[in-house]
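Engineer: Line order of the protein sequences matches chains A and B.
According to our numbering, the stretch in the first sequence is residues 22 to 232, in order.
According to our numbering, the stretch in the second sequence is residues 22 to 232, in order.
I should point out that these hints are in silico values taken from the structure, not numbers from a laboratory.
Please note: incorrect hints may appear among the correct ones.
Identical copies look the same in the list; a pair holds intra-copy or inter-copy alike.
Said to hold, decoys possible - Only pairs whose alpha carbons sit at most 30 Å apart, straight line, appear in this in silico DSS-like list of lysine-lysine:
1) Lys155 with Lys167
2) Lys69 with Lys167
3) Lys144 with Lys155
4) Lys69 with Lys43
5) Lys69 with Lys155
There are 2 protein chains.
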Amino acid sequence: MILYDYYRSSAAYRVRIALELKGLSVEHRPVHLLRAGGEQSLPAYLAKNPQALVPALELDNGVMLTQSLAIIDYLESLHPSPALIPRDPVLAAKSRAVAFAIACDIHPLINLRVGNFLADELKVAPDSIESWRKHWILEGLQAVEKLVEPSPFCFSAEPTLADVCLVPQLFSARRFAAPLDHLPRLLAIEAACLELAAFQRAHPAQQADAE
Amino acid sequence: MILYDYYRSSAAYRVRIALELKGLSVEHRPVHLLRAGGEQSLPAYLAKNPQALVPALELDNGVMLTQSLAIIDYLESLHPSPALIPRDPVLAAKSRAVAFAIACDIHPLINLRVGNFLADELKVAPDSIESWRKHWILEGLQAVEKLVEPSPFCFSAEPTLADVCLVPQLFSARRFAAPLDHLPRLLAIEAACLELAAFQRAHPAQQADAE
Chain A
22 MILYDYYRSS AAYRVRIALE LKGLSVEHRP VHLLRAGGEQ SLPAYLAKNP QALVPALELD
82 NGVMLTQSLA IIDYLESLHP SPALIPRDPV LAAKSRAVAF AIACDIHPLI NLRVGNFLAD
142 ELKVAPDSIE SWRKHWILEG LQAVEKLVEP SPFCFSAEPT LADVCLVPQL FSARRFAAPL
202 DHLPRLLAIE AACLELAAFQ RAHPAQQADA E
Chain B
22 MILYDYYRSS AAYRVRIALE LKGLSVEHRP VHLLRAGGEQ SLPAYLAKNP QALVPALELD
82 NGVMLTQSLA IIDYLESLHP SPALIPRDPV LAAKSRAVAF AIACDIHPLI NLRVGNFLAD
142 ELKVAPDSIE SWRKHWILEG LQAVEKLVEP SPFCFSAEPT LADVCLVPQL FSARRFAAPL
202 DHLPRLLAIE AACLELAAFQ RAHPAQQADA E
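Sequences and hints are given; from them, build the entire structure.
Structural biologist: Below, the structure is given as structure tokens:
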């Protein structure tokens, strides 16, 4: 399998964590989101993923899977152990809800293409784009702080999909200088995750394309 | 079960479709997103859902589930027939990918709270907010047009999670006057869905709180 990846993409980072937790190895093929006007918009990549986003997973038979959370569910169904979705339906729903609170309601609002559109098309000033990013990061994470049930991971004694999404979002929050000190439950969960080798190996700084 | 609902919310509309397809009945409790400065921000609702978003599903034992797609996965695990997630892992991943292309990469960018922030905090003019909405709707739906495999629903002879997300997104696209004529595959899928009683009954215009 080939993972179209970018070290700093928090969506790609989620998939890397899931792969590491499940002990699966893939070929990583970097798609540089800033170089050459964005390699994700080149025709060769668009033919693979019409959304022009990373990550995408190419299966050995050439089938392309897109969207980080769909890829993780696919990995979960083929390699169910260790489980990233709790067996209990209520805990599974809570874990997914935190994942979506991040993947739907924070990440898409602060990513590169949205920042570019605000700057280039709506002529929003850089400091206003910075407040925009901090607003959605903090509004989202403050809600997530209330939704989690640390034990010591988001919902159980093992990391689940919620943790897989939380750690990259906190990494991204720091990149955008969002203050996190008032989110002690999330910081404690993050610390528990970062003790695990899987989370360490998936970190952006550990990737071959890191700059 | 109680569904905290709003007739025009496309996320709530997804859950209504899933409930109807599965033949499940719930009490609908409307949360008016525009009245009283937004009923979703009143303390009584915030205690139920700290994200201040609809939908949310309150189980008979008082447990609150949030996030439309987490709620649908919960319903799927308790009431697996008819299945909204295909059994085949690749088809499941493709169906989920279309759901996420809509639920992550279109809907959160065009919803009420984002429009309010652009207008009130970033002082973006109304016509620019309109172009912003059309841009993300069209960029997203054009990619989805390439991802689907009409048969006649998005990926099979029965509606799946992708269809459950697509129909509300097309409803929302029309509200914002986004041109859809160049998306014949999506329009054909929508027409197939709207022939089903479940999709008809879940439609915003059929809700008790419709205005």
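Engineer: Against each hint, give a clear statement of whether it holds in the structure.
Structural biologist: Hint check:
For a Cα distance limit of 30 Å, the shortest separation of Lys155 from Lys167 inside one copy, 18 Å, qualifies, whereas the shortest one across copies, 33 Å, does not. In this assembly of identical chains, Lys69 and Lys167 lie within 30 Å of each other by CA distance solely across copies; the values are 11 Å between and 38 Å within a copy. For a Cα distance limit of 30 Å, the shortest separation of Lys144 from Lys155 qualifies both inside one copy, at 18 Å, and across copies, at 17 Å. Only within a single protomer do Lys69 and Lys43 lie at most 30 Å apart by alpha-carbon distance; the minimum there is 25 Å, versus 34 Å between protomers.
Taking the shortest alpha-carbon separations for Lys69 and Lys155, only the inter-copy value of 25 Å comes in at or below 30 Å, while the best intra-copy value is 32 Å.
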